Amino acid sequence: EVQLQESGPGLVKPSQSLSLTCSVTGYSITSNYWGWIRKFPGNKMEWMGYISYSGSTSYNPSLKSRISITRDTSKNQFFLQLNSVTTEDTATYYCARYYGSFDYWGQGVMVTVSS
Amino acid sequence: DIQMTQSPASLSASLGETVTIECLASEDIYSNLAWYQQKPGKSPQLLIYDASSLQDGVPSRFSGSESGTQYSLEINSLQSEDAATYFCQQHHDYPFTFGSGTKLEIK
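Protein sequence lines correspond, in order, to chains A and B.
Per the working numbering, the very first residue in the first sequence carries number 15; after that it's consecutive.
Per the working numbering, the very first residue in the second sequence carries number 5; after that it's consecutive.
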């Protein structure tokens with residue numbers, strides 16, 4: 015069974031970088047696409063980007079140059095880095111497999127941006 | 005960006021009833037739409053993909069349909085476990101975008 019699990023700090027200071035890890039079991043990240051989605055307080059959902067089976071990436075233009083998604087195939091993990099965070103980046107962050115739609119999700123990690 | 009206008013924002017229905025949730029796309033998305041269910045404290049679960057295909061393991065009381073740029077999720081014979089927030093999401097064009105969500109309460 016495909017399982018995803020996010021990990022990372024729950025509190026980040028403004029202007030710093032947010033770094034999260036998604037550990038995948040039951041399926042190789044060298045197949046399909048692997049994405050990050052966040053849900054803001056108040057329910058709005060935002061697709062942030064994904065990394066493909068080949069390592070290519072696609073990002074939401076709203077995040078401009080702040081976002082980077084990378085991977086470590088030896089550990090079957092992929093990563094999110096979001097730079098220069100503000101309080102507007104406070105959200106629950108999910109990793110998910112994209113296979114035409116997002117069919118497997120992690121449990122989510124709540125990240126608060128606050129000094 | 006493609007805008008997904010979802011309605012209603014909330015609704016309340018009784019056990020056994022049928023409800024419909026809608027998403028209107030700002031342009032043609034060619035059936036590239038998914039529906040998700042999210043319960044409090046849980047991650048979203050895929051219900052419907054490609055507008056009308058039922059994800060494995062999802063009860064058949066859930067169904068999806070489309071008419072032009074209007075997409076609908078119908079839930080028949082409401083059960084107590086259907087209380088959740090439902091989202092639509094288009095994957096026709098980047099950036100992928102979501103509807104604003106519909107909170108379903110079971111009376």
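Please note: incorrect hints may appear among the correct ones.
Unchecked claim - Here are some, though not all, of the chain A residues that point toward chain B, as calculated from beta-carbon distances under 8 Å:
id : residue
1  : Pro28
2  : Gln30
3  : Ser37
4  : Thr39
5  : Tyr41
6  : Lys58
7  : Met59
8  : Tyr67
9  : Ser68
10 : Pro75
11 : Ser76
12 : Phe93
13 : Tyr108
14 : Gly114
15 : Ser115
16 : Asp117
As the list claims (entries may be wrong) - Cut-off 27 Å, straight-line C-alpha distance, at most; resulting in silico cross-link-like pairs (DSSO-like, lysine-lysine):
id : chain 1 : residue 1 : chain 2 : residue 2
17 : B       : Lys107    : A       : Lys58
18 : A       : Lys78     : B       : Lys107
19 : A       : Lys89     : B       : Lys111
20 : B       : Lys107    : B       : Lys43
21 : B       : Lys111    : B       : Lys46
22 : A       : Lys58     : A       : Lys78
23 : A       : Lys78     : A       : Lys27
24 : B       : Lys46     : B       : Lys107
25 : A       : Lys89     : B       : Lys107
26 : A       : Lys27     : B       : Lys111
27 : A       : Lys58     : B       : Lys111
28 : B       : Lys43     : B       : Lys111
29 : A       : Lys89     : A       : Lys58
Unchecked claim - Beta-carbon label-pair distances, calculated as ranges:
id : chain 1 : residue 1 : chain 2 : residue 2 : range
30 : A       : Thr35     : B       : Asp97     : 42 to 52 Å
31 : A       : Ser29     : B       : Gly72     : 38 to 48 Å
32 : A       : Lys27     : B       : Tyr34     : 39 to 49 Å
33 : A       : Thr84     : B       : Glu21     : 41 to 51 Å
34 : A       : Met124    : B       : Gln7      : 24 to 34 Å
35 : B       : Lys111    : A       : Ser79     : 42 to 52 Å
36 : B       : Thr22     : A       : Asn97     : 46 to 56 Å
37 : B       : Gly61     : A       : Ser29     : 41 to 51 Å
38 : B       : Ser30     : A       : Ser79     : 22 to 32 Å
39 : A       : Gln19     : B       : Gly61     : 19 to 29 Å
40 : A       : Ser79     : B       : Leu19     : 49 to 59 Å
For the record, the hints were derived by calculation from the structure and aren't laboratory data.
What you are looking at is a predicted structure, and each value in this text was computed from that prediction instead of being measured.
We put the beta carbon where it would ideally sit given N, CA and C, even for glycine.
Hints, one by one, checked against the model:
For proline 28 of chain A, the interface hint is violated, the least distance from its beta-carbon to any beta-carbon of chain B being 24 Å, above 8 Å. Annotation: glutamine 30 of chain A was flagged as interfacial toward chain B, and the flag is violated, the nearest CB pair being 25 Å apart, outside 8 Å. With 8 Å as the threshold, the beta carbon of serine 37 of chain A stays out of range of chain B, its nearest partner Cβ sitting at about 15 Å, so the hint is violated. A cut of 8 Å between beta carbons decides the hint on threonine 39 of chain A: the least distance to chain B is about 15 Å, and the hint is violated.
With a least beta-carbon distance of about 15 Å to chain B, the hint placing tyrosine 41 of chain A at the interface is violated under the 8 Å criterion. Hint on lysine 58 of chain A holds. Least Cβ distance to chain B is approximately 7 Å, under the 8 Å limit. About 4 Å separates the beta-carbon of methionine 59 of chain A from the nearest beta-carbon of chain B, less than 8 Å, and the hint is met. Taken as an interface hint, tyrosine 67 of chain A does not check out: its beta carbon lies about 17 Å from the nearest beta carbon of chain B, beyond 8 Å.
For serine 68 of chain A, the shortest C-beta to C-beta distance to chain B is roughly 17 Å, which exceeds 8 Å, and the interface hint is violated. At about 6 Å, the closest approach between the beta carbon of proline 75 of chain A and any beta carbon in chain B falls short of 8 Å, and the interface hint on this residue holds. Interface hint at serine 76 of chain A: satisfied, since its Cβ lies 7 Å from the closest Cβ of chain B, which is below the 8 Å cut-off. For the restraint placing phenylalanine 93 of chain A at the interface with chain B, the shortest Cβ-Cβ distance is roughly 19 Å, beyond the 8 Å limit, so the hint is violated.
For tyrosine 108 of chain A, the interface hint holds, the least distance from its beta-carbon to any beta-carbon of chain B being 6 Å, beneath 8 Å. With its C-beta approaching chain B no nearer than about 6 Å, glycine 114 of chain A sits inside the 8 Å limit, and its interface hint holds. For serine 115 of chain A, the interface hint holds, since its Cβ comes within 8 Å of a Cβ in chain B; the closest pair sits about 4 Å apart. With 8 Å as the threshold, the beta carbon of aspartate 117 of chain A comes within range of chain B, its nearest partner Cβ sitting at about 5 Å, so the hint holds.
Restraint check: the Cα-Cα separation between lysine 107 of chain B and lysine 58 of chain A comes to about 12 Å, which is no more than 27 Å; the hinted pair holds. Restraint check for lysine 78 of chain A and lysine 107 of chain B: not satisfied, since their Cα atoms lie roughly 31 Å apart, outside the 27 Å limit. Our distance criterion of 27 Å between C-alpha atoms is broken by lysine 89 of chain A and lysine 111 of chain B, whose separation comes to about 47 Å. A C-alpha spacing of about 10 Å is found between lysine 107 of chain B and lysine 43 of chain B, which places the hinted pair at or below 27 Å, so the restraint holds.
At most 27 Å may separate the alpha-carbon atoms for a hinted pair to count; lysine 111 of chain B and lysine 46 of chain B meet this at roughly 21 Å. Distance hint between lysine 58 of chain A and lysine 78 of chain A is fulfilled; the C-alpha atoms sit about 19 Å from each other, no more than 27 Å. The hinted pair formed by lysine 78 of chain A and lysine 27 of chain A meets the criterion: a straight-line CA distance of about 20 Å does not exceed 27 Å. For the suggested pair lysine 46 of chain B and lysine 107 of chain B, the alpha carbons sit about 14 Å apart, so the restraint of at most 27 Å is met.
Proximity of lysine 89 of chain A to lysine 107 of chain B is assessed by CA-CA distance (about 38 Å); at most 27 Å being required, the pair is judged violated. Taking the CA atoms of lysine 27 of chain A and lysine 111 of chain B, the gap is about 42 Å. The hint is violated against a cut of 27 Å. Restraint check for lysine 58 of chain A and lysine 111 of chain B: the C-alpha separation of about 25 Å stays at or below 27 Å, so the hint holds. At most 27 Å may separate the alpha-carbon atoms for a hinted pair to count; lysine 43 of chain B and lysine 111 of chain B meet this at roughly 16 Å.
Simply put, lysine 89 of chain A and lysine 58 of chain A have alpha-carbon atoms about 32 Å apart, too far for the 27 Å limit, and the pair is violated. Checked against the hint of 42 to 52 Å, the pair threonine 35 of chain A and aspartate 97 of chain B fails, with Cβ atoms roughly 29 Å apart. Taking the beta carbon of each, serine 29 of chain A and glycine 72 of chain B are about 46 Å apart, inside 38 to 48 Å as hinted. In this structure the hint that lysine 27 of chain A and tyrosine 34 of chain B lie 39 to 49 Å apart at CB holds, the actual value being about 43 Å.
A beta carbon spacing of about 47 Å between threonine 84 of chain A and glutamate 21 of chain B agrees with the range 41 to 51 Å that was offered as a hint. The beta-carbon spacing between methionine 124 of chain A and glutamine 7 of chain B, approximately 27 Å, falls within the hinted interval of 24 to 34 Å. At about 49 Å, the CB distance of lysine 111 of chain B to serine 79 of chain A agrees with the hint of 42 to 52 Å. Remark: the range hint 46 to 56 Å for threonine 22 of chain B to asparagine 97 of chain A is upheld by a beta-carbon distance near 47 Å.
Distance hint check: the CB atoms of glycine 61 of chain B and serine 29 of chain A are about 44 Å apart, consistent with the given range 41 to 51 Å. Between serine 30 of chain B and serine 79 of chain A, the C-beta spacing of about 26 Å keeps the proposed range 22 to 32 Å intact. A hinted range of 19 to 29 Å holds for the C-beta pair glutamine 19 of chain A and glycine 61 of chain B, which are about 20 Å apart. Look at serine 79 of chain A against leucine 19 of chain B: about 50 Å separates their beta carbons, and that is inside 49 to 59 Å.
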